[in-house]
Amino acid sequence: MVETNLNRLHILIAEDDEDDAETIKQTFEDHTCFYKVDMVKNGEQLVAFLKNDKTKLPDLILTDFNMPLMNGYEALQEISNNNLFKSIPVFIYSTTINPLYVTQCKAIGAKDFLVKPFNLNHFDLIPEKILEILMNTNKSNT
Amino acid sequence: MHLISAQNNDQENASKQIAVLNKRITELEDELLEANSIVDAIKEGNIDAFILNKEGRSDIYALENIDYTYRVLIEKFGEGAISISEDGLILYCNEYFAQLLNIPSSKLIGTYFNSYVFSVGQFQSLLEGLKTGFCKGEILLSANGVKIPVYISITSLQPHVPAIGIIVTDRTEKKKHEEEIERYQQKLERKIRKLNQSNSDLEQFVHIVSHDIKEPLRKIVSYGGRLKEEISDDLNEKSSKYLNIIYDGALRLNSLVDALVIYSGSTSRRFDVTNIDIYETIKEVCDDIELIIREKKAQISFAALPIIKASHFQMKQLFANLIINALKYSKENVNPIIDIKAEIVDHVDEKFPSLNYYKISISDNGIGMEQQYLKKIFTIFQRLHLPHEYSGTGIGLAICKKIIENHNGHIEVQSSLGRGSTFIIYLPA
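These protein sequences, in sequence, are chains A and B.
Per this note's numbering, the first sequence starts with residue 1, numbered consecutively.
Per this note's numbering, the second sequence starts with residue 1, numbered consecutively.
Hints in this document: simulated from the structure, not taken from any laboratory.
Some clues are possibly wrong.
Claimed, not checked - No farther apart than 30 Å at their CA atoms in a straight line, the calculated lysine-lysine pairs in the DSS-like style are these:
(1) K111(A) / K316(B)
(2) K194(B) / K147(B)
(3) K111(A) / K219(B)
(4) K316(B) / K129(A)
(5) K139(A) / K106(A)
These numbers were taken from a predicted model, which means no experiment stands behind them.
Turn these sequences into a full structure, and let the hints guide you.
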């Protein structure tokens with residue numbers, strides 16, 4: 001992975017649930033390390049977004065697992081099979097964690113599999129967790 | 001005159017003697033002829049028995065005691081017996097073989113054995129084996145359009161007789177049984193495949209359903225929580241109580257769904273089996289739940305526990321559930337004492353009769369249970385107490401039972417109200 005400036009990040013989020021989309025968007029917009037938050041509603045839109053303007057690729061992607069048309073796993077597959085996109089770190093999050101999905105997703109390059117919190121206040125932990133993992137990746141790369 | 005007369009007398013006597021001797025010679029010649037003809041007959045094999053007159057008594061000398069017994073044996077024993085010439089002509093066949101092919105032996109003798117063999121290739125390769133001595137194998141005979149599976153033993157009768165002996169065993173019945181067994185086996189394998197399929201379908205189903213249930217549930221809990229934070233000050237006592245009931249109900253439903261997912265995970269038979277030191281496993285469990293143990297001032301003693309082949313994750317879950325269960329149902333104001341012991345026993349289980357078992361018992365001094373409920377406690381969602389008395393989802397012991405079953409073991413409980421409980425698990429040694 002190319003070293004990313006972790007203080008000025010552009011994140012692309014795929015979330016089909018409107019309530020969750022609103023909360024997660026707000027969470028990242030409120031965070032000082034993220035300057036740009038783009039939202040799409042499923043895996044298809046996620047891949048289309050990347051293909052649309054290759055000069056403005058996000059620094060990282062957060063995608064829900066269960067989504068209509070193309071789920072998070074299928075989107076991850078498309079991304080990891082594309083030379084232009086495969087260096088973008090992808091995080092997957094979901095309400096439930098099926099160990100089988102976790103293994104599958106990590107096998108094709110997902111950075112981590114996060115759980116959607118039950119307490120709205122805990123949404124703030126998602127960007128923190130993501131930053132922590134990215135920081136460790138940067139460290140191990142240098 | 002006297003002399004002449006004496007001479008005449010001498011001559012008369014001599015001719016009388018000659019006549020006697022001649023008669024004796026004829027008698028001896030007859031005897032010799034008879035003896036010679038008997039010897040010839042014996043040599044030619046035409047005699048089964050002969051009778052000798054001795055001192056007015058008839059004695060039978062029978063050869064049937066020797067050869068005939070063998071002939072009857074070959075003819076009558078319950079296997080087909082044939083001999084064939086080296087170019088395959090049937091020289092002899094017994095009645096059993098004739099009946100097997102349903103062709104009279106008179107019609108079989110003089111025909112080629114190959115004309116009754118369906119699997120000629122197999123027979124030829126068995127014949128090839130003759131060079132190394134003796135050969136046995138299965139072939140398929142065919143007569144009047146009926147196929148007969150047989151097992152044959154081929155023996156060369158050289159150098160005594162220039163022929164090949166074949167013993168033919170009818171395998172029709174046996175073959176039928178074998179085919180039936182194979183059919184059953186295939187049926188069973190199909191059933192197992194189907195069962196495995198439906199098991200993994202069910203596992204996936206549980207995950208999908210639990211996800212779909214948890215999605216809206218999470219909304220209720222998260223937004224309910226937010227609502228409580230924001231408006232509980234503005235609500236009157238009743239409304240605040242209702243909101244709490246809704247919120248707690250949603251939390252409880254959530255933990256039930258979680259437990260269900262864990263339960264369905266523990267039903268899975270796919271797990272890694274390694275050598276597990278039960279002592280170490282229980283130590284790990286006690287470290288994990290140290291807080292509860294300290295809070296309850298509980299004493300947990302365990303020593304000399306076996307090493308078994310099992311899933312580490314499932315064994316940890318098993319003992320965690322059992323110990324937490326014992327702590328949870330402890331008597332008020334009595335420090336819980338839990339004692340874990342093991343011994344090796346011959347546990348008679350009709351499914352695994354030959355195995356030795358470790359009998360591991362977990363005894364507590366808790367509230368115990370009434371006899372009538374003991375059978376119910378391993379059933380999923382079966383609870384003996386109201387939720388406000390003791391928290392829990394009613395899944396812990398069901399998970400224990402599943403884990404034990406996954407490891408080909410057995411779990412039971414002995415208890416009486418007010419006197420504590422002893423959970424006994426049997427695991428293959």
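Verification of the supplied hints:
Proximity of K111(A) to K316(B) is assessed by CA-CA distance (about 29 Å); at most 30 Å being required, the pair is judged to hold. With a CA separation close to 36 Å, the supplied pair K194(B) and K147(B) exceeds the 30 Å bound. For the suggested pair K111(A) and K219(B), the alpha carbons sit about 26 Å apart, so the restraint of at most 30 Å is met. For the proposed pair K316(B) and K129(A), the alpha carbon gap of about 29 Å is at most 30 Å, so the pair holds.
For the proposed pair K139(A) and K106(A), the alpha carbon gap of about 20 Å is at most 30 Å, so the pair holds.
Comparing the model with each earlier hint shows a violation of hint 2 alone; every other hint is respected.
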